[in-house]
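Got chain R; can you put chain Y on it based on the hints?
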Amino acid sequence: MNDGDDFWRRALRKRISRRRTLQAAALGAAGLVSAHTIACGGDDEAEGPPRAGGTADARPTPGGTGTGTIADLYNMDPHKPIAFLTHVFGSWMYNRLMRFATQRGVLPDDQWYEVAPELAQKVENPEPLSFVFTIHPEAKWHNVDPTFGRPVTAEDVVYNYNRFSSLSPNKGEWDMVDSVVASADNRQVTIKLKYPYGLFLKRAASFNDLWLVAPELIEADGDAEKRSVGSGPFIFEHYERSVDLMFRKNPDYFEKDEWGNSLPYLDKLHLYVIPDTNTVMSQFFAGKLDTTYVQPALLDTIRQQDSKTRINPFLRNLTSFLYFEPASFTSNKPPFNDVRVRRAVSMAIDRDGLLKLVSPEKGGEWPNIVSAGMGSKWWVDPRSDEMGDAGQWYKYDVAEAKALLKAAGFEDGFETRLHFSSTIYTNIILYYPVVAEALPKLLREVGIKVTSVPEDYIGQYFPQTYSQGNFDGMAWGLLTVLPDVAAYFEQSFLPFDAGGARNMSRVDDQELISSINGAVRTWDVEEVRQELRELQKYVSDQMYYIPGINPYEYNASHPVGAGAVNTSGPTTFAFGTEGTMWGWRYKEYQ
Amino acid sequence: MVIPTLIGVTILVFLLVRLLPGDVVQQLSGENAQLSKEQRLEVRKELGLDKPVFQQYFVWMSHVARGDLGESLQTKVSVTSELRHRLPVTFELGLLALAISLCVSLPIGVLAAVRQDSILDYVARSGAIAFLSIPSFWMGTLVMVLPNKWWGWAPPIQYKNIWEDPGENLYMLIIPAAILGMLLSGTVMRMTRAQMLEVLRQDYVRTAWSKGLRERTVVARHAIRNAFIPVVTIVGLQIPILVGGTVILETIFSIPGVGRYLLFSIASLDYPVVQAINLIVATVIVLTNLAVDVTYGFLDPRIRFN
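Read top to bottom, the protein sequences are chains R and Y.
If you're matching positions, the first sequence starts at 1 in my numbering and goes up one per residue.
If you're matching positions, the second sequence starts at 591 in my numbering and goes up one per residue.
Honestly, I wouldn't trust all of these hints.
To be verified - Using 20 Å as the maximum straight-line C-alpha spacing, the simulated EDC-like pairs for lysine to aspartate or glutamate come out as follows:
#1 K750/Y - D497/R
#2 K171/R - E628/Y
#3 K441/R - D412/R
#4 K627/Y - D497/R
#5 K739/Y - D300/R
#6 K80/R - E636/Y
#7 K537/R - D509/R
#8 K80/R - D755/Y
#9 K666/Y - D300/R
#10 K288/R - E632/Y
#11 K666/Y - E240/R
#12 K171/R - E632/Y
#13 K666/Y - D72/R
#14 K194/R - E527/R
#15 K402/R - D389/R
#16 K666/Y - E225/R
#17 K226/R - E758/Y
#18 K288/R - D613/Y
#19 K80/R - E661/Y
#20 K80/R - E758/Y
#21 K666/Y - D223/R
#22 K750/Y - D72/R
#23 K750/Y - E237/R
#24 K362/R - D352/R
#25 K666/Y - D541/R
#26 K739/Y - D412/R
#27 K226/R - E661/Y
#28 K308/R - E361/R
Unchecked claim - Calculated Cβ distances over 10 Å to all of chain R for the following chain Y residues:
#29 L639
#30 V649
#31 V735
#32 P745
#33 I752
#34 G826
#35 S844
#36 R850
It should be emphasised that the hints constitute simulated quantities derived from the structure, not laboratory data.
Just so it is clear, CB atoms sit at the ideal spot from N, CA and C, and this is done for glycine as well.
Excised from the complex, chain R in its bound form (with noise of 0.2 Å):
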């Protein structure tokens, strides 16, 4: 065994000595939402008890109110929202044209982030250039004040696209989109592009852009902040702040399951605002909650304390990459100017370990650029043979690495620094503070001697090192959820101030920009599908960042019902439809 298996059976004593002794200072942990797996009780095929009639193809019964928790939001309009919380609000209330695809139970991974028609009937693509999509006959905006339950028009869309095109700070992801026309019979709206771009139908799938928001609502009070009036499965009923969220069923919306019913199938949606973890276990444990979010350190604790409990892994659509400095590129700055030394820094990153380390009984992935939450159709697993060359800087090879520090001229190592967030990502993603310490040690064992610098992320972490690159050395950071592949290169690639939002390195590689602009204003979904692939072995070749991990993640839930779509993956945080719209709860439980 080498000196890295010692390294990690001593992380392990540590933290799981740690883990005892804050047991009952840290029971548990809650994400900002905990309602993706809502009033199911998770997935049928999760690890609990099988019970009589929670089997996946079970009728569902109609009634009943879901439990979560919810953090307090920012604001309600969804088309100029600073949080992704006001997203995941507005999904239970407002529809998309389209939206990523479900099925009961395990969606398999392959089908990850496939669209759907949501509003749409139906789309049809007649040329490269333009997308028409027929509106639902059956869509209603809500039977409540201003609408009143009237049909929802072409021009409803139009209207929201334009609002959403002059206010949202996401207007950028529809930058291809030139103009949006309503039929003269007011079902149909055909979306123009200025240049092909096969994943068109993902941008209006995405969770971050174009909600449909009531035209009357905005008349009347300016914005959408203080009501909310859409066309979803939900009605807003009331939020108050730093208490509770509500919605109650839509009776009239048009979607309907396999057997005709209508859905959502629950009555009632009730999410409560609880800020301490704690209280978030305490109350799960004491039935109050439906489900959560809870830590992987803690599984063991749940199963003892009630053995009905069913544990949901999944992985999430997020990816961890330490970045580096802007001037190694814009100034040539070493060492990461290197490839050799960013490769080094990759082969000295013990992913395996990292992920035994922070999720100790299902493990995780390896992310590419791509998120392997995005499912095998689109991320390339560094670990396959696919990867050819370039899946070899991803190996944990410490002697590998010194050779290649040593060829770049850094034979005795260097000395550089890591910053981090210390705050916010640690309550939300639990493993990111985990490797966050692990790193400075994996990487002196190879001669990078690496001081962690904390950062507040307020402060310090977001406004600076992560948004303006105002940073030396080396960064820890996460990558949100994004709604397709091509988004992932375009952010991370493209200039700053030309679509490269999380360009945070300042990465300037024209031919891979070129490249990027070709693959993705391309038609052909196929054909984006196999270059964006291509340039993840790029990338990966260049190390340009290096990618972290992807744990699986976990939720409990109670066994009160059944319904769960998409178990273990996708993570949208779309959970309206594609969640909460398909649970139900057991009759007893209702």
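For chain Y alone, coordinates are given in the frame of chain R:
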């Protein structure tokens, strides 16, 4: 002195809150935003943050003077309307905590003095030290975790207004109030005991004993009132601790009060909210001290006449 003190506090808070690290414009724009320099300036202008700080202060103060505490930068909700909902919650929690604290600490403090060096005294003194030593966040966490582990019990999940459901309201607040009350009671208990011991050794108390008065009369009529003057001062000084305690306990017990709002607002650099809450807290502290001064007169008529 009240007005200058409050003005001093507002200036200090106004300046300090702007020294918090971070850029509120970046914070408002979110991770996705790529704002140009011009756009940033535009947002700053929209928020009124482009003006010199002293000018911002005078604009804010002129609004405050008219009863307008401004608008949250993050939620665009009026701070006044938000506080209208939250202040009663925190006041209720604070008053309940204070009541519990006094109900526990005063009788025990008096008894511990009267029965000095007895078992009761030792227990009371140890209890006071323990109450002072155990942080409220730790106690709150234990109360949240252990009863749940042992009996599957958890406090109410949703806050109910006192007018809507008094029983549920009390059920929700009584535990955090008790924890906060215990925290406060340690100091008050020790102070009460020390003052009572001092007063019980005074000549006039000895005279009362020598007149053959009953113990209850000596203690209740002659000793307590004089012993309580410094105790009242201590109670007044504990108001800031009470406010600090509510920030933590409101978060642990999911109580939608001012403390939690303050925490949320500091974390999101929401200047108007932080300023408004600090102004209110400062006002409460100043007024409490005023009330304490007035109380002296009732406890000791000599102060009133002088």
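Taking the hints in turn, this is what the structure says about them:
Of the supplied pair hints, the one linking K750/Y and D497/R is violated, its CA atoms being roughly 48 Å apart against a limit of 20 Å. Between K171/R and E628/Y, the direct Cα distance comes to roughly 18 Å. Compliance with the 20 Å bound is thereby established for this hinted pair. As the CA atoms of K441/R and D412/R are separated by approximately 16 Å, the hinted pair is consistent with the 20 Å bound. Between the alpha carbons of K627/Y and D497/R the distance comes to roughly 11 Å, so the proposed pair stays at or under 20 Å and holds.
The hinted pair formed by K739/Y and D300/R meets the criterion: a straight-line CA distance of about 14 Å does not exceed 20 Å. Distance check on the hinted pair: K80/R and E636/Y sit about 15 Å apart at the alpha-carbon level, within 20 Å; holds. For the hint linking K537/R to D509/R, the alpha-carbon distance of about 15 Å falls within 20 Å, and the restraint holds. Restraint check for K80/R and D755/Y: not satisfied, since their Cα atoms lie roughly 37 Å apart, outside the 20 Å limit.
The hinted pair formed by K666/Y and D300/R fails the criterion: a straight-line CA distance of about 44 Å is larger than 20 Å. About 46 Å separates the Cα atoms of K288/R and E632/Y, which puts this hinted pair outside 20 Å; it is violated. Taking the CA atoms of K666/Y and E240/R, the gap is near 15 Å; set against the 20 Å cutoff, the hint holds. Straight-line distance between C-alpha atoms of K171/R and E632/Y comes to about 18 Å, which keeps the hinted pair within the 20 Å bound.
A hinted pair counts as satisfied when its Cα atoms are at most 20 Å apart, and K666/Y with D72/R qualifies at roughly 14 Å. At most 20 Å may separate the alpha-carbon atoms for a hinted pair to count; K194/R and E527/R meet this at roughly 19 Å. Using a Cα cut-off of 20 Å, the hinted pair K402/R and D389/R holds, with the two alpha carbons roughly 19 Å apart. Of the pairs offered as hints, the one joining K666/Y and E225/R holds, with about 9 Å between alpha carbons and a cut-off of 20 Å not exceeded.
Of the pairs offered as hints, the one joining K226/R and E758/Y is violated, with about 28 Å between alpha carbons and a cut-off of 20 Å exceeded. In summary, the hint linking K288/R to D613/Y is not supported, as the alpha carbons are separated by about 39 Å, beyond the 20 Å threshold. About 18 Å separates the Cα atoms of K80/R and E661/Y, which keeps this hinted pair within 20 Å; it holds. Restraint check: the Cα-Cα separation between K80/R and E758/Y comes to about 37 Å, which exceeds 20 Å; the hinted pair is violated.
For the proposed pair K666/Y and D223/R, the alpha carbon gap of about 12 Å is at most 20 Å, so the pair holds. Under the criterion of a C-alpha separation no larger than 20 Å, the hint pairing K750/Y with D72/R is consistent with the structure, at around 18 Å. Distance hint between K750/Y and E237/R is fulfilled; the C-alpha atoms sit about 17 Å from each other, no more than 20 Å. Distance restraint check for K362/R and D352/R: the Cα-Cα separation of roughly 11 Å lies within the 20 Å cut-off, and the hinted pair is therefore satisfied.
Distance check on the hinted pair: K666/Y and D541/R sit about 47 Å apart at the alpha-carbon level, beyond 20 Å; violated. Pair hint K739/Y plus D412/R does not hold up; C-alpha atoms about 53 Å apart against a cutoff of 20 Å. As the CA atoms of K226/R and E661/Y are separated by approximately 14 Å, the hinted pair is consistent with the 20 Å bound. At most 20 Å may separate the alpha-carbon atoms for a hinted pair to count; K308/R and E361/R meet this at roughly 18 Å.
Every beta carbon of chain R lies more than 10 Å from that of L639/Y, the smallest distance being close to 14 Å; the non-interface claim holds. No Cβ of chain R approaches the Cβ of V649/Y within 10 Å, the least distance being about 23 Å, so the stated non-interface status holds. Its beta-carbon lying about 5 Å from the closest one in chain R, V735/Y breaks the requirement of being farther than 10 Å from that chain. Under the 10 Å C-beta cut-off, the non-interface status given to P745/Y relative to chain R is violated; the minimum distance is some 8 Å.
Every Cβ of chain R is farther than 10 Å from the Cβ of I752/Y; the closest lies at roughly 14 Å, confirming the non-interface assignment. Its beta-carbon lying about 29 Å from the closest one in chain R, G826/Y satisfies the requirement of being farther than 10 Å from that chain. The beta carbon of S844/Y sits about 5 Å from the closest Cβ of chain R, which is not more than 10 Å, so the claim that it is off the interface is violated. R850/Y, annotated as away from the interface, has a beta carbon of chain R within 10 Å; the closest lies near 6 Å.
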